[in-house]
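With the hints as your guide, set chain B onto chain A.
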Amino acid sequence: MNLQSSEPKQTAVSPVVFEASGLKKEYDDGQVQALRGVDFQIREGEFVAIIGPSGSGKTTLLQMLGALDRPSAGSLSYRGKSMLDWTDASAYRAREIGFIFQAFHLLPTFTAIENVQIPMFEGDLPRSKRIDRARELLKAVGLDQRVDHFPSKLSGGERQRVAIARSLANSPSVLLADEPTGNLDSNNAVHILDLLINLHRERHMTLVLITHDMTVARRASRAIQMRDGRVVFDGDPSKLTVDS
Amino acid sequence: MNFFNVVTSGLKRRPVRTGLTLLGISVGIAAVVALIGLSRGLLTSWTAGMKSRGTDIVVHNMRGSLTPKPFPASTRDRIAHLPGIAATAEGLVDLMSIENAELMVVSGREWGGFTWQNLKLISGRMPNDQMERAVVLGTTAADVLKKKLGDTVQIETEELPVVGIVEGGAFVENGSIILSLPLLQQIMGSQDQISAIDVRATPGTNDAGIRKLCDEISRLIPEAHAEPAGEHLVNTEGYRVINAMSWGTSLLAVLVGVLGVTNTMLMSVFERKQEIAILLALGWRRSRIVRMILWESALLGLCGGIVGVGLGVVGVNIMKTAPTIHGLLEPDLSTNLMLMAIAIAICVGVLSGLYPAWRSSRLTPSLALHG
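Protein sequence lines, in the order shown, are assigned to chains A and B.
Under this note's numbering, think of the first position of the first sequence as 1, with each following residue one higher.
Under this note's numbering, think of the first position of the second sequence as 1001, with each following residue one higher.
The shape of chain A in the complex, shown without the other chains:
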């Protein structure tokens, strides 16, 4: 696996995509504190790895960034607009965000090309254009020969490629990936990570990736390390240590 950082550092002129300040998330009437006051900025075009052990709050943070859940306190904005003011975040999720899940989460009764079309229902593409676009995306992830296969007939790596193609369906500006290599063997993990990094470069997308794997985190342009709901390191991934 390539351990070198694959992304040049972002310059200060890149606009801020996400900005969190004092971000907190509590569950069970405050008995569980998943986030205990998190502050950060993520700029356009960055590849940020969020790393930390289980229960450190990294998945909760991804939920906040994807507007899948609301914080208990603090502020969080997307391109300068407070996400806390949104009553319906579906348009944001449909147009701005592409989600990639650890367990792929493809719909089992649909073929690869149909799965890729699922997010496009919220767009205004006619059926024929949807099919063309899905085919093009599957080609971009190297699956143009597997478009009519059901998920059960695809390998783990292929399923994640379909999921990546699906995340790109509505040309989002941000990709949020929740341990995208977590369910893959090391060989497939390298390929998927390479694919994500290439897409991030070619399409100039902001990539926020959750991982517990230090080698994956070190390929990012920036790492945010979390522990017990707090950011304990934010900076150059090459300076990450297990104990940071």
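Any given hint might turn out to be false.
Heads up, incomplete: computed chain B residues facing chain A, CB under 8 Å, no partners named [as the list claims (entries may be wrong)]: (1) Asn1002; (2) Phe1003; (3) Lys1012; (4) Arg1013; (5) Val1016; (6) Ala1073; (7) Gly1084; (8) Leu1282; (9) Gly1283; (10) Ser1366.
Source of the hints: derived by calculation from the structure; they are not laboratory data.
Yeah, the Cβ is synthetic: ideal placement off N, Cα and C, and Gly gets one too.
Relative to the frame of chain A, chain B by itself:
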């Protein structure tokens, strides 16, 4: 791929459960088709019978009871002179158990009245006079009773020879045993009693004229009711009871269908919690999720409705061979009834999907990141 594919995939995922739920709705809809078909059949059969006799108005005393109450034959004299009335014919009609037929229409008709004119002789002859102790049978009645010319039919304690087989132009007419009024009055011990007066209005009288005539007749004879032929049955207590029982039983069956679909859709939503959360995470609006669930349940209703109509038609065709019904009425299996049954099934589907759809809309998209 379109949105409809997403909807159908939800149903195809658990084919056995979907099939059983569909069967549940089908049984309810089959009950609607069968019971309402029979109930409406009663009405249409009797209305057709009236039309075939050329009756415009029926004077009767059926409203307050399940069977017609006899009234004096002299009643006719109080209305026959009214302008607008072309002809009247007295009749005594009863439903009786005749030999192997549990219920059969026995129709005593005024000798020489217009209610004999529509009867076309298929074989044999008509009675020679009103006192001849003989009957003619409608074609269906002859078939039900398995009688031919020369056989006898027992009415009450009287055995009467069959002298003719007739075609009456309507199902009820064909299913009747027809004899002269005085003979039936004598057999039933109802001398000078009748149960209906068939009134024929002067040709060219429109609906408004018929209703006006009904009002005039009803004013003259407050102890009976005059109503346009066909409507007289709708307003009777007997028909109302039959209709209410048919709808009541049907609605009960439909309610069972509603509970079945609701249960299936709720289970489906619970099983697909994470899938729905993934769809939300991928940007689907909650309203689209609600629509997906409602379309699924409506589709389940539609398919159940189509199967139910098929089952209902088969059921009715079996039921109409039953001794209690055979020859008495022709079930109404009109396109309208079928469309109504399918519309009910779709409503059942949509209604059943409301709560599961609401539950699905409450799911949080963050579930997508669990598991």
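**Closest C-beta approach of Lys1012 (chain B) to chain A relative to 8 Å, hint status** = Result: holds, 7 Å to nearest chain A Cβ.
Handout entry: When the least beta-carbon distance from Gly1283 (chain B) to chain A is tested against 8 Å, hint result
Key = Gly1283 (chain B) check passes; min Cβ-Cβ to chain A is 3 Å, inside 8 Å.
Open item on the list: Let's test the interface hint: is any C-beta of chain A closer than 8 Å to that of Phe1003 (chain B)?
Closed with: holds (6 Å)
Exercise. Hint check: is the beta carbon of Leu1282 (chain B) less than 8 Å from a beta carbon of chain A?
Worked result: At 4 Å from the nearest chain A Cβ, Leu1282 (chain B) passes the 8 Å test, so the hint holds.
Cut-off 8 Å, beta-carbon criterion: hint that Arg1013 (chain B) touches chain A
holds (6 Å)
Per-residue hint verdict: Ser1366 (chain B), partner chain A, C-beta under 8 Å: holds (4 Å)
Hint validation: Ala1073 (chain B) versus chain A, beta carbon distance must be below 8 Å. Holds or violated? violated (75 Å)
### Query
Does the interface hint hold: is Asn1002 (chain B) within less than 8 Å of chain A, judged Cβ to Cβ?
holds (6 Å)
Item to complete: Would you check whether Gly1084 (chain B) satisfies its interface hint, that is, whether its CB is within less than 8 Å of any CB in chain A?
Response: Nearest chain A Cβ about 66 Å off; hint violated.
A closest beta-carbon separation below 8 Å is what the hint needs, so does Val1016 (chain B) meet it against chain A? violated (16 Å)
Checked against the numbered hints given earlier, the structure breaks hints 5, 6, 7 and satisfies all the rest.
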